[in-house]
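All chains, full assembly: derive it from the sequences and hints.
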Amino acid sequence: MALKLYFLRHGRAMARADWSEDDARRPLTPEGEAAMAREARTIAAMDLGLKVIVTSPLVRARRTAEIVAEAVGPVLGLVEDERLADGFDVKALRAVVAEHGTPKALMLVGHEPDFSAVIGALIGGGRVVCKKGGLARVDAADGDLKAAELVWLLPPSELGGG
Numbered sequence: 022m023a024l025k026l027y028f029l030r031h032g033r034a035m036a037r038a039d040w041s042e043d044d045a046r047r048p049l050t051p052e053g054e055a056a057m058a059r060e061a062r063t064i065a066a067m068d069l070g071l072k073v074i075v076t077s078p079l080v081r082a083r084r085t086a087e088i089v090a091e092a093v094g095p096v097l098g099l100v101e102d103e104r105l106a107d108g109f110d111v112k113a114l115r116a117v118v119a120e121h122g123t124p125k126a127l128m129l130v131g132h133e134p135d136f137s138a139v140i141g142a143l144i145g146g147g148r149v150v151c152k153k154g155g156l157a158r159v160d161a162a163d164g165d166l167k168a169a170e171l172v173w174l175l176p177p178s179e180l181g182g183g
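So the mapping is simple: our numbering equals the position in the sequence shown, first residue as 1, plus 21.
No lab work stands behind these hints: they were computed from the structure.
Keep in mind that the hints are not guaranteed to be accurate.
As the list claims (entries may be wrong) - In silico lysine-lysine, DSS-like type, Cα no more than 27 Å apart, as pairs: (1) Lys112 - Lys152; (2) Lys25 - Lys167; (3) Lys112 - Lys125; (4) Lys153 - Lys72; (5) Lys167 - Lys152; (6) Lys112 - Lys72; (7) Lys125 - Lys25; (8) Lys25 - Lys112; (9) Lys72 - Lys152.
Said to hold, decoys possible - Each pair of labels, with its calculated beta carbon distance range: (10) Gly70 - Asp107: 28 to 36 Å; (11) Ser41 - Trp173: 17 to 25 Å; (12) Ala36 - Lys167: 33 to 41 Å; (13) Pro134 - Trp173: 16 to 24 Å; (14) Trp40 - Trp173: 31 to 39 Å; (15) Glu42 - Gly70: 36 to 44 Å; (16) Val100 - Arg37: 35 to 43 Å; (17) Glu170 - Ser41: 37 to 45 Å; (18) Glu101 - Gly122: 16 to 24 Å; (19) Gly146 - Lys72: 28 to 36 Å.
All C-beta atoms, glycine included, are put in the ideal place defined by N, C-alpha and C.
This is the structure:
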């Protein structure tokens, strides 16, 4: 059975130029929160079979994951993982997947340019761009991250967040 990996880029956050504190604490904008709430309802209706969401600890990603977890349901686990912050790569993805017992479906919430680079590497090359609030599904045959396929890449507008 294929492992379904869902890559959700965090929602719209405050601009770096407008934020004087530590970038890790940069939050979603009020509009970004509202857009993610709309997207979360769509994601919940998609019934992705999620049992856990693994998120970057950066505030904007963590809040995005919380909004989705609240919409999907109370049985959904939410795990913060430092590896999804800056520098996330395929090696880190393998470790994250292994720690969760090779689930059937796993959602990761994180950042660019890491997500696009990881997706590109998983599918054997190619340029992928994950917009803020965008969601990609990559299927890995039998959980083998060496044989993966990009199934879809949805911009936020397709999820109700645009």
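Inset, instruction - With a cut-off of 27 Å on the C-alpha distance, tell me whether Lys25 and Lys112 pass. - result: Status holds; Cα separation ~17 Å.
Legend entry - Verdict for Glu170, Ser41 (Cβ pair) under range 37 to 45 Å: Distance hint for Glu170, Ser41 holds at roughly 43 Å.
Inset, instruction - Take a look at whether the Cβ-Cβ distance between Trp40 and Trp173 falls inside 31 to 39 Å. - result: holds, 32 Å
Legend entry - Pair hint Lys112 and Lys152, alpha-carbon separation not exceeding 27 Å: holds, 23 Å
Legend entry - Range hint compliance [Cβ, Gly70 to Asp107, 28 to 36 Å]: Holds - the Cβ-Cβ distance for Gly70 and Asp107, about 29 Å, lies within 28 to 36 Å.
Inset, instruction - Take a look at whether the Cβ-Cβ distance between Ala36 and Lys167 falls inside 33 to 41 Å. - result: Since Ala36 and Lys167 have Cβ atoms about 38 Å apart, the given range 33 to 41 Å holds.
Legend entry - Consistency of beta-carbon spacing, Lys72 to Gly146, with hint 28 to 36 Å: holds, 31 Å
Legend entry - Given hint Lys125 paired with Lys112 - CA-CA distance at most 27 Å: Holds, at roughly 19 Å.
Inset, instruction - Confirm or reject the claim that Val100 and Arg37 have a C-beta distance inside 35 to 43 Å. - result: Taking Cβ atoms as reference, Val100 and Arg37 lie about 27 Å apart, which means the hint is violated.
Legend entry - Cβ separation of Glu101 and Gly122, checked against the hinted range 16 to 24 Å: For Glu101 and Gly122 the Cβ distance comes to about 18 Å; the hint holds.
Legend entry - Outcome of range test on Cβ distance (Glu42, Gly70; 36 to 44 Å): holds, 37 Å
Inset, instruction - Using the beta carbons of Pro134 and Trp173, state whether their distance is inside 16 to 24 Å or not. - result: This hint holds: roughly 20 Å between Cβ atoms.
Hint violations for this structure: numbers 11, 16, all remaining hints satisfied.
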